[in-house]
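Engineer: Construct all of the structure, not just a fragment, from the sequences and the given hints.
Residue numbers (the numbering used here), protein chains in the order written: chain A, 412 to 806; chain B, 412 to 806.
These aren't lab readings, by the way, just hints derived from the structure by calculation. The reader is advised that the hints may include incorrect statements.
To be verified - Chain B is faced by these chain A residues, among others (derived, beta-carbon under 10 Å):
hint, residue
1, Gly-632
2, Tyr-634
3, Leu-635
4, Trp-672
Unchecked claim - Straight line, CA to CA, 20 Å or less: simulated EDC-like cross-link-like pairs of lysine to aspartate or glutamate:
hint, chain 1, residue 1, chain 2, residue 2
5, B, Lys-598, A, Glu-800
6, B, Lys-598, A, Glu-767
7, B, Lys-598, B, Glu-656
8, A, Lys-598, B, Asp-626
9, B, Lys-703, B, Asp-681
10, A, Lys-598, B, Glu-656
11, A, Lys-598, A, Glu-678
12, B, Lys-703, A, Glu-637
13, A, Lys-703, B, Glu-637
14, A, Lys-755, A, Glu-800
Beta carbons are placed, not taken as given, at the ideal position from N, Cα and C, and that holds for glycine.
Each chain, letter by letter, is given below.
2 protein chains.
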Amino acid sequence: MDRYLIVSTDGHAGLPMEGYRDYLDARYHEAFDKALPIQREMTRRAEEKFLISDFNDNWRRGIEDDLTGAWDGAVRNRVIDADGVAAEVLFPDGITEMNAPPFGAGLGLRPWGIDPQLQWAGARAHNRWIAEFCRQDPDRRIGLAIVLMLYDVDEALREVKWAFDQGLRGILIPALMGDHDPYNHPKYDPVWAFCQDHNMVVHTHSGPSPDYNFDLPGAVGVYLTEFAWWASRPLWHMIFGGVFERFPRLHFVITEVSEFWIPHMLEMMDVRASVKHTSGKLGDFRSNLTMKPSEYFRRNCWVGASALFDEGSTSVRHDIGINNVMWGTDYPHPEGSWPNTREKLREFFTGMPESEIEAILGGNAVDCYHLDRNRLDAIAARIGPERREYLAGAA
Amino acid sequence: MDRYLIVSTDGHAGLPMEGYRDYLDARYHEAFDKALPIQREMTRRAEEKFLISDFNDNWRRGIEDDLTGAWDGAVRNRVIDADGVAAEVLFPDGITEMNAPPFGAGLGLRPWGIDPQLQWAGARAHNRWIAEFCRQDPDRRIGLAIVLMLYDVDEALREVKWAFDQGLRGILIPALMGDHDPYNHPKYDPVWAFCQDHNMVVHTHSGPSPDYNFDLPGAVGVYLTEFAWWASRPLWHMIFGGVFERFPRLHFVITEVSEFWIPHMLEMMDVRASVKHTSGKLGDFRSNLTMKPSEYFRRNCWVGASALFDEGSTSVRHDIGINNVMWGTDYPHPEGSWPNTREKLREFFTGMPESEIEAILGGNAVDCYHLDRNRLDAIAARIGPERREYLAGAA
Numbered sequence: 412m413d414r415y416l417i418v419s420t421d422g423h424a425g426l427p428m429e430g431y432r433d434y435l436d437a438r439y440h441e442a443f444d445k446a447l448p449i450q451r452e453m454t455r456r457a458e459e460k461f462l463i464s465d466f467n468d469n470w471r472r473g474i475e476d477d478l479t480g481a482w483d484g485a486v487r488n489r490v491i492d493a494d495g496v497a498a499e500v501l502f503p504d505g506i507t508e509m510n511a512p513p514f515g516a517g518l519g520l521r522p523w524g525i526d527p528q529l530q531w532a533g534a535r536a537h538n539r540w541i542a543e544f545c546r547q548d549p550d551r552r553i554g555l556a557i558v559l560m561l562y563d564v565d566e567a568l569r570e571v572k573w574a575f576d577q578g579l580r581g582i583l584i585p586a587l588m589g590d591h592d593p594y595n596h597p598k599y600d601p602v603w604a605f606c607q608d609h610n611m612v613v614h615t616h617s618g619p620s621p622d623y624n625f626d627l628p629g630a631v632g633v634y635l636t637e638f639a640w641w642a643s644r645p646l647w648h649m650i651f652g653g654v655f656e657r658f659p660r661l662h663f664v665i666t667e668v669s670e671f672w673i674p675h676m677l678e679m680m681d682v683r684a685s686v687k688h689t690s691g692k693l694g695d696f697r698s699n700l701t702m703k704p705s706e707y708f709r710r711n712c713w714v715g716a717s718a719l720f721d722e723g724s725t726s727v728r729h730d731i732g733i734n735n736v737m738w739g740t741d742y743p744h745p746e747g748s749w750p751n752t753r754e755k756l757r758e759f760f761t762g763m764p765e766s767e768i769e770a771i772l773g774g775n776a777v778d779c780y781h782l783d784r785n786r787l788d789a790i791a792a793r794i795g796p797e798r799r800e801y802l803a804g805a806a
Numbered sequence: 412m413d414r415y416l417i418v419s420t421d422g423h424a425g426l427p428m429e430g431y432r433d434y435l436d437a438r439y440h441e442a443f444d445k446a447l448p449i450q451r452e453m454t455r456r457a458e459e460k461f462l463i464s465d466f467n468d469n470w471r472r473g474i475e476d477d478l479t480g481a482w483d484g485a486v487r488n489r490v491i492d493a494d495g496v497a498a499e500v501l502f503p504d505g506i507t508e509m510n511a512p513p514f515g516a517g518l519g520l521r522p523w524g525i526d527p528q529l530q531w532a533g534a535r536a537h538n539r540w541i542a543e544f545c546r547q548d549p550d551r552r553i554g555l556a557i558v559l560m561l562y563d564v565d566e567a568l569r570e571v572k573w574a575f576d577q578g579l580r581g582i583l584i585p586a587l588m589g590d591h592d593p594y595n596h597p598k599y600d601p602v603w604a605f606c607q608d609h610n611m612v613v614h615t616h617s618g619p620s621p622d623y624n625f626d627l628p629g630a631v632g633v634y635l636t637e638f639a640w641w642a643s644r645p646l647w648h649m650i651f652g653g654v655f656e657r658f659p660r661l662h663f664v665i666t667e668v669s670e671f672w673i674p675h676m677l678e679m680m681d682v683r684a685s686v687k688h689t690s691g692k693l694g695d696f697r698s699n700l701t702m703k704p705s706e707y708f709r710r711n712c713w714v715g716a717s718a719l720f721d722e723g724s725t726s727v728r729h730d731i732g733i734n735n736v737m738w739g740t741d742y743p744h745p746e747g748s749w750p751n752t753r754e755k756l757r758e759f760f761t762g763m764p765e766s767e768i769e770a771i772l773g774g775n776a777v778d779c780y781h782l783d784r785n786r787l788d789a790i791a792a793r794i795g796p797e798r799r800e801y802l803a804g805a806a
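Structural biologist: As C-alpha cells, then:
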C-alpha cells in the first residue's frame, strides 16, 4: 500500500450537554434539568480560571463546523478523512467542547462528591449514545464505555458486558481512586477477566485530578506537572497488584499522559522490584510477580500518545517500547495534531525507520484493539497520508 | 588535605518514644501517657504488614549499640567517625528505630487525623531535644526543627524564629498538604522570607504518604513507586508558585527521594512552562516566573541523596546538577550506606572526577547549609576517608 494506516488512539466524542437528556433513564430527567444550568455555570467559571475562553475562541474561529464532528458522524468522517485518519478510539469529551456527559461522568470523572447512582446514570447516557454513534461506522469508531468500577464491581461487570454486547471495544475507568479500594484489590478480577476474554481494552485518560485552587499563582503549572501522574496511578497499582500476572492477555492503555516520563517510571518500578537493600525492611512484595514490572508493561500496556511530537521526546519511543506507543490526534481538542496531522507526522517521523512509523501510526493499535487490518487498510487506501509525502518531507 | 570531607545530608536522630515526655509541655503529659501504648501497638502492627521485623532484627544483630547513636551523642560521634562522616543533617526518626516524636510529628507526619495542637506539642518536644543534642557538638550536628507550616503561618513563623535562636539550621515541613493551602499560596511568604534571610534551609523528606491498604497484593510496591512523589510535590508547588522568584536566596532540599526521576521532572516542568500548543488553553501561568523551572531548581534546590549509589543512577548527577546533589548515609537506617560508607563510596565514585566527588560528598552541603568549611575540614582531617583509598579502588 502506498499510504499509511493511521488509527488515532485519542479521539473525543460527546453530545452537546442538553442532548444527553434523551439518553438518560427518565427517572433522572428532573435531576438532569436541575443540573444542566449548574454544569453550564461551572464551565463558564472554569473559563475564568482554568480553561481560557480567549484561547478557545481563537482556536474555534473558522473551524466551528469541523468541531461539530464531536457528535455529528457525517462531519466527523469528513474531518478525519481530511486529516488522514482511518479509525479512532473514542473517549468522552471534557469541558473543551461543552459536551461532557452529565453528572460528572466525563473525562474528568472523580469517584466522590456526587451520588454514585447519578454518576452511573450520566455514564450510561453516554454509553448508549456512543454505542449508537459507533454502530453508524463500526470500522472507523472504536467506542469506549465509561465504567465506574470503584462503586460496585457487580454493577461495573454488568455494564462491561452490556458494552461488549453493544459493540463497544473497551472501557474507560476512573483514574482517581479516592477512598475506594485501589486497583490492586483482587475484587476487580471479574472485570479484568471479562475484559481479557472479550478483547475489551481497559483505559485511563488524563484530565481528572484532585482539587487545585486555581486562584493561586502557578496552580496551572502544578496541574500540568501532575496530570500525567493522576491519570497513570492505576498502572502501577495493576502491575504490582499482579493483575497482569493473573490476566496475561489483558490490555491496558494510558492515554494523553506526556509519555516522556514513562521510561524512567519503568526503571523505577524495576528497581523497586529488584533492589532489596533499599526496600528490604518493607518486606517481600514481589511474590505475586514472575516478571519485571517493565516486562508486564511491554506485554500488557500501551500508551495513547497524542502529544508525543510536541515535547522533544521522539527518542523515548524505544525506551517505552516501540510496540507500545500509539499515535493519537486528540480531535477535536486544540492541543493535539488535528487539523495538521500530516504536517505533524512529517515533523515527527522524518528519518524514522519505516517499520517504526507503521507501528506507531497504526500497527500497534491493530494489535492492542484486535482490529481488522484488511478493513482498515481499505479505508487508509483512500484517505491515508501518502508515503511519498514523507519521503519528500525527509529530504 | 589527603582526606575527603563528608557531610551526610540524611541522618536521623530521635529519642526512644518514652524519652520525649520530659521535653513535652506538662499539660500534654496526660495525652502522652495515653498515646504511648497506642503508638507502640501501631508500630507493632506495622511490623506485620509494612516494616518487616525479621529484616530489622537481622539488621540490628551485632550493631545494637551503634544504633543507640540515634539519641546518644557519644555513641553517634564514635559511629560516624568510623564511617568517615564529619557532619550530619539531622531529621527526626521514623518507625525503624521506634523513636518517632509523639503525636505523629515524626518523619511520616500527616497534617490531618490528629489535633494540630497535639501534633505541634510533639514537634516542639522533638525540636527542644534536637536543639539540645546539636548544641553538644554544633559543628557536626546540623539540626532541623519540625515546623507544621500548614496549620497556622504565624505559629510556624514563631517556631522557625525559635529554632534559629536555638542554633538549629533548617526546618522540616510537611510534604503532604492534605486539604490545607498548598505551598504555592503566598501566605507562606513570611516563613520563606525569614528562612532566606537567616540561612534556614527548608526540607521535605520521604516517608509520609496517604493511606495504603497494606493487606492488598503489591501495596508495598505501589508505596515504593510513589513515595518520592509524595515527598517532592512541594518542589513544583514552590517553583510554579514563584517562591524562588520572590526569594532568590531561599534554599530548599528534598531528601531520600530516589533522585533518578529528577532530570525527567525538570524537563517536564520546563516543557510545561514553555510549550504553549499543548497547554495554551489552560492560560498563561508563566507570568510569575522569569526563569525556567530547572533554573530555579539549580539555583535554589538540592537533593539529599542517600540512595543514589544503589539504583544505577550515577549518570543522572549531571542532569540533576552536579552542584545540587549531596551525599547522605541515612544513619541509623538500614537502607543507606552506613556502616559501609567507605565501601559504597568506592563503588559509586570510582572513575568520577575529583571535583565531582568533593562536591557531592561535602562541598555542595557546605554551600547549601552555609557551613564553616575550615572547622569541618579539621574534623575530616582526622576521620575522613583517605583519598588514596579511592585511587586504589579506582585501579
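Engineer: Determine for every hint whether it applies to the structure shown.
Structural biologist: These are the hints, each one checked on the structure:
1. Given hint, Gly-632 (chain A) at the interface with chain B, holds; its Cβ is 3 Å from that chain's nearest Cβ, closer than 10 Å.
2. Interface hint status for Tyr-634 (chain A): upheld, as the beta-carbon distance to the closest one in chain B is roughly 7 Å, under 10 Å.
3. Hint status for Leu-635 (chain A) relative to chain B: holds, with the closest Cβ pair at about 4 Å, below 10 Å.
4. This hint holds: Trp-672 (chain A) has a C-beta 5 Å from the nearest C-beta of chain B, less than the 10 Å allowed.
5. The suggested pairing of Lys-598 (chain B) with Glu-800 (chain A) is violated, with an alpha-carbon distance near 56 Å, which exceeds 20 Å.
6. Taking the CA atoms of Lys-598 (chain B) and Glu-767 (chain A), the gap is about 51 Å. The hint is violated against a cut of 20 Å.
7. Straight-line distance between C-alpha atoms of Lys-598 (chain B) and Glu-656 (chain B) comes to about 15 Å, which keeps the hinted pair within the 20 Å bound.
8. Between the alpha carbons of Lys-598 (chain A) and Asp-626 (chain B) the distance comes to roughly 13 Å, so the proposed pair stays at or under 20 Å and holds.
9. For a cut-off of 20 Å, the pair hint linking Lys-703 (chain B) to Asp-681 (chain B) stands: about 6 Å separates their Cα positions.
10. A distance of roughly 48 Å separates the Cα atoms of Lys-598 (chain A) and Glu-656 (chain B); the hinted pair therefore is violated under the 20 Å criterion.
11. Restraint check: the Cα-Cα separation between Lys-598 (chain A) and Glu-678 (chain A) comes to about 28 Å, which exceeds 20 Å; the hinted pair is violated.
12. Between Lys-703 (chain B) and Glu-637 (chain A) the alpha-carbon distance is near 17 Å, which keeps this suggested pair within the 20 Å criterion.
13. Of the supplied pair hints, the one linking Lys-703 (chain A) and Glu-637 (chain B) holds, its CA atoms being roughly 17 Å apart against a limit of 20 Å.
14. Distance check on the hinted pair: Lys-755 (chain A) and Glu-800 (chain A) sit about 12 Å apart at the alpha-carbon level, within 20 Å; holds.
In terms of the numbered hints stated before, the structure departs from hints 5, 6, 10 and 11, listed from lowest to highest.
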